[in-house]
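S.K.: These protein sequence lines are chains A, B and C, in that order. For the record, in the first sequence the residue sitting at position 68 is 68 according to the working numbering, with numbers rising by one throughout. For the record, in the second sequence the residue sitting at position 3 is 3 according to the working numbering, with numbers rising by one throughout. For the record, in the third sequence the residue sitting at position 91 is 91 according to the working numbering, with numbers rising by one throughout.
In short, the hints are calculated from the structure, not lab data. One thing to keep in mind: the hints can contain errors.
DSSO-like cross-link-like pairs, simulated, lysine-lysine; straight-line CA separation at most 30 angstroms [stated by the list, open to error]:
no., chain 1, residue 1, chain 2, residue 2
1, B, Lys64, C, Lys109
2, C, Lys61, B, Lys106
3, B, Lys61, C, Lys109
4, A, Lys64, A, Lys9
5, B, Lys13, A, Lys106
6, A, Lys9, A, Lys106
7, A, Lys61, B, Lys64
8, B, Lys106, C, Lys9
9, C, Lys9, C, Lys64
10, C, Lys109, C, Lys61
11, A, Lys64, B, Lys61
12, A, Lys61, A, Lys13
13, B, Lys61, C, Lys13
14, B, Lys9, B, Lys61
15, C, Lys9, A, Lys9
16, B, Lys108, A, Lys106
17, B, Lys64, B, Lys9
18, B, Lys9, A, Lys109
19, C, Lys108, B, Lys106
20, C, Lys106, A, Lys109
21, A, Lys9, C, Lys108
22, C, Lys13, C, Lys109
23, C, Lys61, A, Lys61
24, B, Lys109, B, Lys61
Interface residues of chain C toward chain A, partial, derived using beta-carbon atoms under 8 angstroms [unchecked claim]:
no., residue
25, Tyr7
26, Thr51
27, Thr102
28, Leu112
29, His127
30, Arg128
From a predicted model like this one, the values you see are computed outputs, not experimental measurements. Ideal Cβ positions, reconstructed from N, Cα and C, are used throughout, including at glycine.
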Amino acid sequence: MKLLTTYLKISTKGNTDIIDITQDVQNSLRDCSLREGQIPLFVQGSTGGLTTMEYETNLVKDIKNAFENLAPQNADYAHHITWGDYNGHSHVRASLLGPSLTVPFKEKKLTLGTWQQIVFIDFDTSHRNRNLIMH
Amino acid sequence: MKLLTTYLKISTKGNTDIIDITQDVQNSLRDCSLREGQIPLFVQGSTGGLTTMEYETNLVKDIKNAFENLAPQNADYAHHITWGDYNGHSHVRASLLGPSLTVPFKEKKLTLGTWQQIVFIDFDTSHRNRNLIMH
Amino acid sequence: MKLLTTYLKISTKGNTDIIDITQDVQNSLRDCSLREGQIPLFVQGSTGGLTTMEYETNLVKDIKNAFENLAPQNADYAHHITWGDYNGHSHVRASLLGPSLTVPFKEKKLTLGTWQQIVFIDFDTSHRNRNLIMH
């Protein structure tokens, strides 16, 4: 079994930017010698996370809203004392969501549901270039 | 190392139905050539999720209640404008919990704690037949 | 591909004790025959969880606070009727966070971000010795 570490570069706008990366992950299967298996995805960095969702504009708003309720941007965070970068909410949201997701594939195709996309969420406060690690 | 994609069909009642699937996952190890390894589990669909818990009636109530606090069923969701199926809360809960869980096993037995069961949670609004993917 | 099940013993203080286990996980790679791959981590027990974060004192406070908001310690939990051990909040927090995390490594080094550490969180109400399973 051959393992390939691939880095997916993602350019984000930050501020709980929710990005559909399904096609990028699907494309990475082209270079994979396996027809069947699973792809572990991992966010390098502590202000981003991964999950799946039905990727449509209105639900994107709902999910952003849910994270605002979970860890409001304007609440007090002790982390702000440490660095003064005012992204305490970004860290809390990212840690609650988690940085890892493992997606199975079969016949070289991700076994997602019809209305299920893989999303990377950048919770940080400004645009970034992010590294997502795929095996 | 041989990989087997297995589909576990789960019949649910929906409405944050929490189902103990530990025995089903354990049974799937019978057909596995490995004595030691890990089983990646994945929910096909965007309104279900996976985690572990002590599966007992009262805690099941508490976990349902926690999801109701996290994303209340009767809140306003923009997603309702898209399809009119009033399951915005189901999607939000599922995306926060996440669709993937990887459970190790040793000597053909899941290495769970004594009071730890694997649960599939169906957040959707009516009963469904769900596909859970196991490798 | 050789799989090794390793148990990491963690001594905790409980009460949402957040412990940086990055070095322990990194050390476990020494005994691994692979230079590149991923380590699936799994918490044995239903009141602990895993995630990553920037491990610094103030953010540790913020994350504890977020879990207190998510599932307050002094709320009513039906689970208390079952065992009378008053750790309903511990179970709810652990199930929401999840027991599994898969971390990639390359050249025998975990591919974490510079400000990203792996943490084990013990939500239970008193100190414990915990088993974390690594492959």
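S.K.: The structure should be examined with respect to each hint, and the outcome stated for every one.
M.R.: Verification of the supplied hints:
About 40 angstroms separates the Cα atoms of Lys64 of chain B and Lys109 of chain C, which puts this hinted pair outside 30 angstroms; it is violated. Simply put, Lys61 of chain C and Lys106 of chain B have alpha-carbon atoms about 36 angstroms apart, too far for the 30 angstroms limit, and the pair is violated. As the CA atoms of Lys61 of chain B and Lys109 of chain C are separated by approximately 42 angstroms, the hinted pair breaks the 30 angstroms bound. Using a Cα cut-off of 30 angstroms, the hinted pair Lys64 of chain A and Lys9 of chain A holds, with the two alpha carbons roughly 22 angstroms apart.
Between Lys13 of chain B and Lys106 of chain A, the direct Cα distance comes to roughly 28 angstroms. Compliance with the 30 angstroms bound is thereby established for this hinted pair. Note on Lys9 of chain A and Lys106 of chain A: the hinted pairing holds, with a Cα-Cα distance of about 25 angstroms set against a maximum of 30 angstroms. Taking the CA atoms of Lys61 of chain A and Lys64 of chain B, the gap is about 24 angstroms. The hint holds against a cut of 30 angstroms. Of the supplied pair hints, the one linking Lys106 of chain B and Lys9 of chain C holds, its CA atoms being roughly 17 angstroms apart against a limit of 30 angstroms.
Only pairs whose Cα atoms come within 30 angstroms are accepted, and Lys9 of chain C paired with Lys64 of chain C is accepted, the gap being roughly 22 angstroms. Distance check on the hinted pair: Lys109 of chain C and Lys61 of chain C sit about 28 angstroms apart at the alpha-carbon level, within 30 angstroms; holds. Between Lys64 of chain A and Lys61 of chain B the alpha-carbon distance is near 27 angstroms, which keeps this suggested pair within the 30 angstroms criterion. Distance restraint check for Lys61 of chain A and Lys13 of chain A: the Cα-Cα separation of roughly 15 angstroms lies within the 30 angstroms cut-off, and the hinted pair is therefore satisfied.
For the proposed pair Lys61 of chain B and Lys13 of chain C, the alpha carbon gap of about 28 angstroms is at most 30 angstroms, so the pair holds. The hinted pair formed by Lys9 of chain B and Lys61 of chain B meets the criterion: a straight-line CA distance of about 24 angstroms does not exceed 30 angstroms. For the hint linking Lys9 of chain C to Lys9 of chain A, the alpha-carbon distance of about 36 angstroms lies beyond 30 angstroms, and the restraint is violated. Straight-line distance between C-alpha atoms of Lys108 of chain B and Lys106 of chain A comes to about 24 angstroms, which keeps the hinted pair within the 30 angstroms bound.
Under the criterion of a C-alpha separation no larger than 30 angstroms, the hint pairing Lys64 of chain B with Lys9 of chain B is consistent with the structure, at around 22 angstroms. Under the criterion of a C-alpha separation no larger than 30 angstroms, the hint pairing Lys9 of chain B with Lys109 of chain A is consistent with the structure, at around 20 angstroms. With a CA separation close to 24 angstroms, the supplied pair Lys108 of chain C and Lys106 of chain B stays within the 30 angstroms bound. Restraint check for Lys106 of chain C and Lys109 of chain A: the C-alpha separation of about 25 angstroms stays at or below 30 angstroms, so the hint holds.
Distance check on the hinted pair: Lys9 of chain A and Lys108 of chain C sit about 22 angstroms apart at the alpha-carbon level, within 30 angstroms; holds. Simply put, Lys13 of chain C and Lys109 of chain C have alpha-carbon atoms about 29 angstroms apart, close enough for the 30 angstroms limit, and the pair holds. Of the supplied pair hints, the one linking Lys61 of chain C and Lys61 of chain A holds, its CA atoms being roughly 29 angstroms apart against a limit of 30 angstroms. Distance check on the hinted pair: Lys109 of chain B and Lys61 of chain B sit about 28 angstroms apart at the alpha-carbon level, within 30 angstroms; holds.
Contact between Tyr7 of chain C and chain A, as hinted, is not supported at the beta carbon level, the nearest pair being about 20 angstroms apart and thus beyond 8 angstroms. Hint status for Thr51 of chain C relative to chain A: holds, with the closest Cβ pair at about 5 angstroms, below 8 angstroms. The closest approach between the C-beta of Thr102 of chain C and any C-beta of chain A is roughly 5 angstroms, which is under the 8 angstroms cut-off, so the hint is satisfied. Checking Leu112 of chain C against chain A by beta carbon gives a least distance of about 7 angstroms; that is within 8 angstroms, so the hint holds.
Interface hint at His127 of chain C: violated, since its Cβ lies 23 angstroms from the closest Cβ of chain A, which is beyond the 8 angstroms cut-off. The restraint placing Arg128 of chain C at the interface with chain A is violated, with a minimum CB-CB distance near 21 angstroms, outside the 8 angstroms limit.
In the structure shown, a violation is registered for the earlier hints numbered 1, 2, 3, 15, 25, 29 and 30, in ascending order.
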